[in-house]
Amino acid sequence: MNRLSSKLVELKNTNQKALVAYLVAGDPDLDTTLELMHLFVKSGVDVIEIGVPFTDPIAEGPTIQRAHDRALKNDISLKMILDTVKKFRTVDKETPIVLMGYLNTFISHIDMVKSADSNSVDSILVVDVPGELNLETYGISNPNINTISLISPTTKEERVESIAKNSTGFIYYVNLRGVTGSSNLNIDEIQKNIARIQQYTDLPTMAGFGIKSIEDAKTLAAYSDGIVIGSSIVEMIDEESLTKEFGRIGKYLREMKTAIS
Amino acid sequence: MASDNFNFPDKEGFFGEYGGKFVPETLMYALEELENTYNKLKDNKDFIDEFYKDLSAFVGRPSPLYFAQRLTDHYGSGSIWLKREDLNHTGAHKINNTVGQILLAKHMGKKRIIAETGAGQHGVATATVAARLGLECHIYMGAEDVRRQSLNVYRIKLLGAQVHPVDSGSATLKDALNEALRDWVTNVDDTYYIIGSVTGPHPYPMIVRDFNSVVGKEVIEQSKDLFGKMPDAIVACVGGGSNAMGIFHPFIDIKETRLIGVEAGGKGVATGEHAAPLNDGTPGVLHGARSYLMQDEAGQVKDTKSVSAGLDYPGVGPEHSWLKDVGRAEYVAVSDDDALKAFHEVTELEGIMPALETAHAFAYLELLMKELDSSSNVVVNVSGRGDKDINTVAEIDGIKF
Ligand SMILES: Cc1ncc(COP(=O)(O)O)c(C=O)c1O
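Quick note, the sequences are listed as chains A and B, same order.
The opening position of the first sequence corresponds to residue 44 in the numbering used here, with each subsequent residue numbered one higher.
The opening position of the second sequence corresponds to residue 45 in the numbering used here, with each subsequent residue numbered one higher.
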């Protein structure tokens, strides 16, 4: 079984919620990305989500946009990201890795995506391909890599089913109408929508976008199979990018993991 | 009102292999809602009547097809005709689309209007129709464009809309589009996004084309009346491609008419510093559609360069990509310098000051008129007037006010 799928099954069987943590590859540089990935795991992160930088990240708020820009100043490419994942895998063969990005960067590196072996990334989430479309249509197919689809508060019920069918990793529920880093969580709506998704699929559902506080994490973990933290980590990475003292991030993640356990 | 002579886009929004709907999930329902509304209204007689009434009484259509005597004499061959979109209310073709889309917004009960703008013409045209209906309006504009199109920025503000300068990326049109899409994702329930060109996800390329096609339809009738046959060539500038698509589309089946789109060559296509994806790009996905795109090998979108804010865009409408591949339209590029030269030439010879975007179309006449035989009728789509560009031209000419 795919590394991500087996991890999620394991969590479910032990009644645990998944902590998914996001960073942008190459922000501020790839060595730091590698260091942070290990720090994430040490601090209780179950799944690492790596943002693939793109010039026009339309689903991102200002914090993550700026991280994409910083990474692009270093000319980070998908090849360099996969090389970093290889290095990570020499030490860590367990932690699932999801790549999150935009279609144009993936189709520009289709051969690399196709030839990735089981010792690389485990899943791909393409933000600008609607979930009922199959990523295979765009050449994004690899038996070692599964795909994750997004469902949002505006997704109509009749589409939930077809999107769920095309997803093989987990369902990523977008908590809000807005970009990453927004802060307009409507807890009742989230609870209702995740319950609706779970009627149509056995796949785990992760809640992402807009989760910053320990309180949010705790509340949303109760309704989902796990939570995704992005902007608040990316902001701390930026603030500590000169000192490279990332202890704060470790502490924050440990608190998050405890809160959702 | 969709033209019967051409069946694209298909149900998924593709023109051949170009187009589609590559957007974050949150926008899917909004696009579907828009598509359903448009499909319901586009052949509805009341809706069409209302659209044409506004085009006539508010925009001032039909715009004339005008014989450019001195420009014709200047080239000494053929006949040059000007389709006078510069005479429209607000000074460009952009109003044809906004008048149509605001009717869709009204039918959908949307209270808040957003748009992106490059040269500011689409921003002005959007703020204008929003003011007319008393709707809240927000315009996203690259910070660099806010600077070089300051007259239009002030016009937009006078019309009661809010201008949001966009600093991210290259601070031009593409970044304004990114920011407008982010606004739409956030406020999707009550907001109508009026895209300003034949770009973006389906159904926008189709809707914007259809509303602008009034231009080409008028040219067919006017050509019959004025010179008794169809033009030998139509020339239009291409940024996102809406003025070109509007005049080309009714001619797609009229094979005797050459369709020529002129992109922004910036410092020259060979230098890489330009905004000419159909001349020097490869297919890619940006802003919800697959189309020719200026991108590097890693799939990152390149910065563009053009003296004209309205053409300073790394992508192009998907239907143009299709017309290029099947060979029905030709796409060329002219440099900043040649466009500026044409701007002065047309102003002095015809008493018509074209927008810098439009000046690109005029600049191509230099080559085209030599190539055509002397009985040829050539139509130039005068997409807009140049008042907005006076500051830019003065700065280049070293003049301070
Ligand atoms: C006068 C004028 N012409 C042309 C354009 C380019 O747009 P399009 O290619 O969509 O016609 C603009 C855009 O701002 C414009 O203002």
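Mixed in with the good hints, there may be bad ones.
Unchecked claim - Computed cross-link-like contacts, BS3-like style, restricted to lysine-lysine with a CA-CA straight-line distance of at most 27 angstroms: (1) B:LYS150 <-> B:LYS299; (2) B:LYS155 <-> A:LYS199; (3) B:LYS86 <-> A:LYS199; (4) A:LYS116 <-> B:LYS89; (5) B:LYS155 <-> A:LYS157; (6) A:LYS122 <-> B:LYS346; (7) A:LYS199 <-> A:LYS157; (8) A:LYS85 <-> A:LYS255; (9) A:LYS50 <-> A:LYS255; (10) B:LYS150 <-> A:LYS116; (11) B:LYS150 <-> B:LYS89; (12) B:LYS55 <-> B:LYS311; (13) A:LYS199 <-> B:LYS55; (14) A:LYS199 <-> B:LYS261; (15) A:LYS199 <-> B:LYS89.
Unchecked claim - Computed, partial: chain B to chain A, Cβ under 10 angstroms: (16) GLU223; (17) VAL229; (18) THR230; (19) GLN266; (20) LYS268; (21) GLY328; (22) GLN344.
Don't read these hints as lab results, they were simulated from the structure.
For each residue, glycine too, the CB sits at the ideal point set by N, CA and C.
Hints and how they fare:
1. B:LYS150 <-> B:LYS299: 38 angstroms, violated
2. B:LYS155 <-> A:LYS199: This hinted pair holds, its Cα atoms lying about 22 angstroms apart.
3. B:LYS86 <-> A:LYS199: OK: LYS86 (chain B) and LYS199 (chain A) at ~25 angstroms, within 27 angstroms.
4. A:LYS116 <-> B:LYS89: Roughly 54 angstroms separates the two Cα atoms, so the pair is violated.
5. B:LYS155 <-> A:LYS157: With Cα atoms ~46 angstroms apart, LYS155 (chain B) and LYS157 (chain A) exceed 27 angstroms; violated.
6. A:LYS122 <-> B:LYS346: Holds: LYS122 (chain A) and LYS346 (chain B) sit about 19 angstroms apart, inside 27 angstroms.
7. A:LYS199 <-> A:LYS157: 32 angstroms, violated
8. A:LYS85 <-> A:LYS255: Within the cut-off at roughly 20 angstroms; holds.
9. A:LYS50 <-> A:LYS255: Holds. LYS50 (chain A) to LYS255 (chain A) sits at ~24 angstroms (cutoff 27 angstroms).
10. B:LYS150 <-> A:LYS116: The hint is violated at about 44 angstroms.
11. B:LYS150 <-> B:LYS89: Status holds; Cα separation ~17 angstroms.
12. B:LYS55 <-> B:LYS311: Given that 27 angstroms is the threshold and the Cα spacing comes to 40 angstroms, the pair is violated.
13. A:LYS199 <-> B:LYS55: With Cα atoms ~19 angstroms apart, LYS199 (chain A) and LYS55 (chain B) stay inside 27 angstroms; holds.
14. A:LYS199 <-> B:LYS261: 39 angstroms, violated
15. A:LYS199 <-> B:LYS89: Not satisfied, since the Cα-Cα distance of roughly 31 angstroms exceeds 27 angstroms.
16. GLU223: 9 angstroms, holds
17. VAL229: 6 angstroms, holds
18. THR230: At about 4 angstroms, which falls below the 10 angstroms cut-off, the nearest Cβ of chain A leaves the hint on THR230 (chain B) intact, so it holds.
19. GLN266: 40 angstroms, violated
20. LYS268: This interface hint is violated because 44 angstroms lies over the 10 angstroms limit.
21. GLY328: 5 angstroms, holds
22. GLN344: With a closest approach of 5 angstroms, the GLN344 (chain B) hint holds.
In this structure, the hints that do not hold are numbers 1, 4, 5, 7, 10, 12, 14, 15, 19 and 20, in rising order.
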